[in-house]
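Please assemble the complex out of the two chains, which come individually in their own frames, going by the hints.
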Amino acid sequence: MKQELLLLVGVALVWSALAAVYALAPGLGMPGYARVWGAGAAIFLALAATVWIASKNRT
Amino acid sequence: MTVTTAPRPSPDWAARLGGLSPSDRLLFTLMGGLALLTLALGISYGVAMALARSGAIDFLPETPYRVLTVHGMTAFFYWLYSAQATILLVLAAGEKQGGIELRSFAWIGAVLVAAGFAVSELSALTGTPLLYNANPELGQDDPQVVGGMAGGYLLLAAGLVCLSVSAIATTLAAARRGASPGFSALGFGLFAWAGFLIVSAVAAANAFLPNLLWALGYATFPADATTEWHILFHNMHYLPLMATVLAWYAIARALTGTGSITGAAFSKIVFASYLVFVPPTSLYHMFLEPNLPEGVRVAGSLLSLFVSVPTVTAFLIVVASLEAHARANGATGLFGWMRRLPWADPAVANMGVAMLTMLIGLVFAFVLIQEKLAPLLSDTMFVPGYFHFFAVGTITQTFLAAMMVALPVISGRPLWRPAVLSRMPWIVLAGLVLFGAGGIAAGFLGVPRRVVDIGYDGAAPALWRPLMSLVGIGGIAFAAALSVSVYGVARSLLPARKHPAVTREPVRIKAMAPVAAGAAWTGPIAVLVMVAAMYGATIGAFELIQALPVTAAGGGGH
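The listed protein sequences correspond, in order, to chains Z and L. Under my numbering, the residues of the first sequence are numbered 1 to 59, in order. Under my numbering, the residues of the second sequence are numbered 1 to 558, in order.
Because the hints were derived from the structure by calculation, they are not lab data. Ideal Cβ positions, reconstructed from N, Cα and C, are used throughout, including at glycine. Take these hints with a grain of salt, some might be off.
As the list claims (entries may be wrong) - Listing some non-contacts, in silico: residues in chain L with all C-beta distances to chain Z over 12 Å:
1) R25
2) D58
3) Y65
4) G127
5) L138
6) P143
7) L216
8) L302
9) P342
10) A344
11) I360
12) W426
13) P495
To be verified - Only part of the chain Z face toward chain L is listed, based on derived beta-carbon distances under 7 Å:
14) V11
15) G32
16) R35
17) V36
18) A39
19) A54
Unchecked claim - Some but not every residue of chain L turned toward chain Z, in silico, with C-beta under 10 Å:
20) A173
21) R176
22) G182
23) F188
24) F196
25) V199
26) V202
27) T227
28) L232
29) K268
30) S273
31) V276
32) P279
33) V296
Same shape as in the complex, but just chain L (with noise of 0.2 Å):
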């Protein structure tokens, strides 16, 4: 890949966000702090999880089941959702430079995604455990979890279509001034985004609506509440990875000084093509339905192969635009150009992670979502084996370096020991390959996902259990890095005692001069690699399963 640059100036976050009014810096300092409140809880449901699976506590029958509840509700929805509407907003403004627009909306859609959250946690707390999806079919007997959980859920999306309407207004007058107006390309993006959760917010109310209704006694039982789950489930996947690369993109202006190297016309193709490749994909979740059309299901396999596309083009742009930068700095040798991005900022080790673990997720994901392979995978630990690398390595961690660049610009209190912070992705990343590597083969010989005692009175296979106690090793691993990450990040909400302009000294590879053309090839070669491990991943699990006594059984879903 041959690439020319050109410096454009670019402000610094400091510069970004630096105008904004004491009401918006309240607003994302509550939005944030919420956003940090889910993922302790999430952490800690996970680890109470990680440990009953790996056997080392027992629980009650059905607690492991209201933990995975919460878990997967705190963690799934309120986490990943609170954090994209806190970092959609923040960067909303730090494109305009200034204040938010419709800040009323904001406050009213904050204030409903808190009120969603309570809702729902204290339902799922406290009735039947009806696992994250709030499944109507597991509390038939005990309507008023359903309408709880629905609600909640109802709620979060509500206060999503309030906050995105207010990052829409805000990007379209950062649209509409300056002296040549028009879009930058991370606006666009913001703005695609902002209606692509409007989107999940309809898909959210597509599915929950009729399972309220029916728990408030108004309609019959909402008989395709599966069906109707799988369409806002292909959303809840497509908008984290959305706002992960529109995140990058942020950072990585940060550090090069400037945009992509390929231009902002190319970028806006690659944000909008995330739209475009959202729906014609959505059919591989229906793999598991028995009675799924055949033609159906081969249209679902071919579509599937396209599932990656923006994310890897995404992720091509980021690493060519650093590569070049460092290369143009002095850079030499194919990898050491690595070597030359700041490390020591927390942020930049979290944003290196998150891809290093989105390419190991994807060659998984690879795996499950072919059609002769979800029947026999998805029921079993391969699946959160695989998707805490997207989930956890990239997503998570991706949030949390946009929330450790921006919350010390709006607090101004610096951010807390970043040698310590700079260190937890690196963990993370161990503790996931541990937790991967248990989970993805304890899936391959058959360990069901949702069924917390494996024993089966002793005829379990004997490989089960040290599979699983590899789980929880790897699963306390990433969650402690995670927590210290969690705890770094939550202490920039507090604003600072002296000098509230105090702000991030903004991370650079180094001072930029024009860049004459060069070639970023690290890129494509990790998309290479990624591809040959798909093959190799691929044909193992034909070869493995082929191996083992075991019979498709369809049902269920994700």
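The shape of chain Z in the complex, shown without the other chains (with noise of 0.2 Å):
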């Protein structure tokens, strides 16, 4: 399941690097983007770790 692996967290870098754009540019004045993409950021990366303990489990 590396595959699976190496897109979900490279889908978690990328909300991750959104969230923080929208963090910390606050003349963008749209901290509620930088909430849900940086949750979604949390919840892909929790993602990730289940199918890696998965991955470990059956090996």
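Laid out in structure tokens, this is it:
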């Protein structure tokens, strides 16, 4: 499940970067975007962790 | 596009869903029933709206806005999301070829979604019409309805989280079993889709929790409600499209007996790309905000060009897979392979028309999301004119196709009159073309989308009324055909009286043999035609709008 793990971590990284941009650029005036994409990054990181644990338990 | 395929074993839907427990069957039946109920109501409200907009019937002044509110709320929120939850769980169970995991979560989720629907519906039918986004600015004097609609949506969001958790556990369990464990392409797509549903529930909480707290007197007025809505609204665009292509993938797999011709690894990348493209492309929803910084506006314009990349790529994969398998069975001619598809099967007819309407919808979507055109068109009939190609033609018909395949297997009752149901998508398409042509033309001529009485005391342009009549006629046509499809699918909810193991025959192009390299050009040609049409429509839109005496006025929103 290496590919799936990489894809999920990749998604989390992209969302984290976007959340950081919205959080650190107050001129954008859209803190809600940082909250949602940041939470999304955390969720996909958690999903990646779940997949990683599942693959470890299997072997 | 040159492709090579090899046959792989793929159990049909009956085998995949045959191992469901009575409890799972009951859950899926109830969830499917709720989804179809919301669709039937959404269609009824839509018909009333189409009649009012075309001038065929008169309502009391406030009534059309109430109808518009419940139409949008019922169809856009409850139909699209209860259907997604149903299909997600059914496909997840099919991946596992057994019962669903964390069943209690799934049941709690289903109850929460149903409760949310009841609360939202009651609030919208009895309070001030807030439109489907439950806009608190319209309900400043009626906090009860703001709280009711927001509370309903929050229950829906909580329900989706519970259902998604069950789906995640089920797909993960599927990935861990078997001689060569790991996610199938569809399994990974379902896993990612469930995660995206949870994120969208977070977006819903971000949008509606402040409204609920204000309505209950625990917080100040939610001044940022419009911005927070846009985040949720963006996710609500993407999620049903992701669900649609996953359903296409599942149906195509049943048709061909194998997976995608591009391989599972590439399909997984395409499904993941939905999630990569979601956040960066969200900015274009802010184009109507007059205070949006110019840099953000430019960035949003550039990023919006990528908005359909995952959907178009998935379209190419599915079409190429079908074409390659048809050619392997002797199909000839550039488009002759399409005749090999089992069009008499209602699910196939629904999926085919769904793909066609997606291409039409994309052409006009790209006209709308351009920074210079969005302020001119977003508050006009152009918007309902084009998005019904997606919402009805593409997404709803795909969801119905998935239900046509799955529900008969679950209930054991064969699909009602396939010969009738297989013709309905073409009537839907005809209705949509009339509706879309009238609505898009009316939009270009400035007919407002949320003003019902467009007479303006005789000052309105003469063309407005006939164009809106076209909208009404088209709307009635596709609503009628869609209602027949809903009825046909709903019949499959009833358990079979005898032999509950009776299942739907798997739809197949033909028995597959190993396939040599071949050409599959229909998908790329379709995309090229679509891009050319986009250019044509954009140029036409600019020419037309420059010729009209109009001034852009920002504000409002989708």
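Results of checking the hints against the structure:
With a least CB separation of 27 Å from chain Z, L/R25 remains clear of the 12 Å interface cut-off, as annotated. With 12 Å as the threshold on Cβ separation, the claim that L/D58 sits away from chain Z holds: the shortest Cβ distance comes to roughly 40 Å. Distance check for L/Y65 against chain Z: the nearest CB is about 27 Å away, which clears 12 Å, and the non-interface claim stands. The claim that L/G127 lies off the interface holds: its Cβ sits roughly 25 Å from the closest Cβ of chain Z, which is beyond the 12 Å cut-off.
For L/L138, the condition that its CB be more than 12 Å from all CB atoms of chain Z holds, with the nearest at approximately 20 Å. Every CB of chain Z lies more than 12 Å from the CB of L/P143, the least distance being 21 Å, so the non-interface label holds. Distance check for L/L216 against chain Z: the nearest CB is about 20 Å away, which clears 12 Å, and the non-interface claim stands. Distance check for L/L302 against chain Z: the nearest CB is about 15 Å away, which clears 12 Å, and the non-interface claim stands.
Listed as outside the interface, L/P342 is consistent with that label: its C-beta sits roughly 33 Å from the nearest C-beta of chain Z, beyond the 12 Å cut-off. For L/A344, the requirement that its beta carbon stay farther than 12 Å from each beta carbon of chain Z is met, with the minimum near 38 Å. Consistency note on L/I360: stated as away from chain Z, and its beta-carbon is indeed over 12 Å from all of that chain's, at 30 Å minimum. Distance check for L/W426 against chain Z: the nearest CB is about 38 Å away, which clears 12 Å, and the non-interface claim stands.
With 12 Å as the threshold on Cβ separation, the claim that L/P495 sits away from chain Z holds: the shortest Cβ distance comes to roughly 35 Å. For Z/V11, the interface hint holds, since its Cβ comes within 7 Å of a Cβ in chain L; the closest pair sits about 4 Å apart. Taken as an interface hint, Z/G32 checks out: its beta carbon lies about 5 Å from the nearest beta carbon of chain L, inside 7 Å. For Z/R35, the interface hint holds, the least distance from its beta-carbon to any beta-carbon of chain L being 6 Å, beneath 7 Å.
Here the hint on Z/V36 is kept, as its CB sits about 5 Å from the closest CB of chain L, short of 7 Å. The restraint placing Z/A39 at the interface with chain L holds, with a minimum CB-CB distance near 5 Å, inside the 7 Å limit. With a cut of 7 Å, the hint placing Z/A54 at the interface with chain L holds, because the nearest CB-to-CB distance is about 6 Å. Evaluation of the L/A173 hint against chain Z yields a held restraint, the C-beta minimum of about 9 Å falling below 10 Å.
Checking L/R176 against chain Z: minimum C-beta separation of about 6 Å stays under 10 Å; hint holds. Checking L/G182 against chain Z: minimum C-beta separation of about 6 Å stays under 10 Å; hint holds. For L/F188, the interface hint holds, since its Cβ comes within 10 Å of a Cβ in chain Z; the closest pair sits about 5 Å apart. Checking L/F196 against chain Z: minimum C-beta separation of about 8 Å stays under 10 Å; hint holds.
The interface hint given for L/V199 is met, as the beta carbon of that residue sits about 4 Å from the closest beta carbon of chain Z, less than 10 Å. A distance limit of 10 Å between C-beta atoms decides the matter here; for L/V202 the minimum to chain Z is near 5 Å, and the interface restraint holds. Using the Cβ-Cβ criterion of 10 Å, the hint placing L/T227 at the interface with chain Z is satisfied: the shortest such distance is roughly 6 Å. The interface hint given for L/L232 holds, since its Cβ lies 8 Å from the closest Cβ of chain Z, which is under the 10 Å cut-off.
Interface hint status for L/K268: upheld, as the beta-carbon distance to the closest one in chain Z is roughly 6 Å, under 10 Å. Below 10 Å, beta-carbon pairs count as interface contacts, and L/S273 has one with chain Z at about 9 Å; its hint therefore holds. Checking L/V276 against chain Z: minimum C-beta separation of about 5 Å stays under 10 Å; hint holds. For L/P279, the interface hint holds, since its Cβ comes within 10 Å of a Cβ in chain Z; the closest pair sits about 4 Å apart.
Checking L/V296 against chain Z by beta carbon gives a least distance of about 6 Å; that is within 10 Å, so the hint holds.
In this structure, none of the earlier numbered hints is contradicted; all agree with it.
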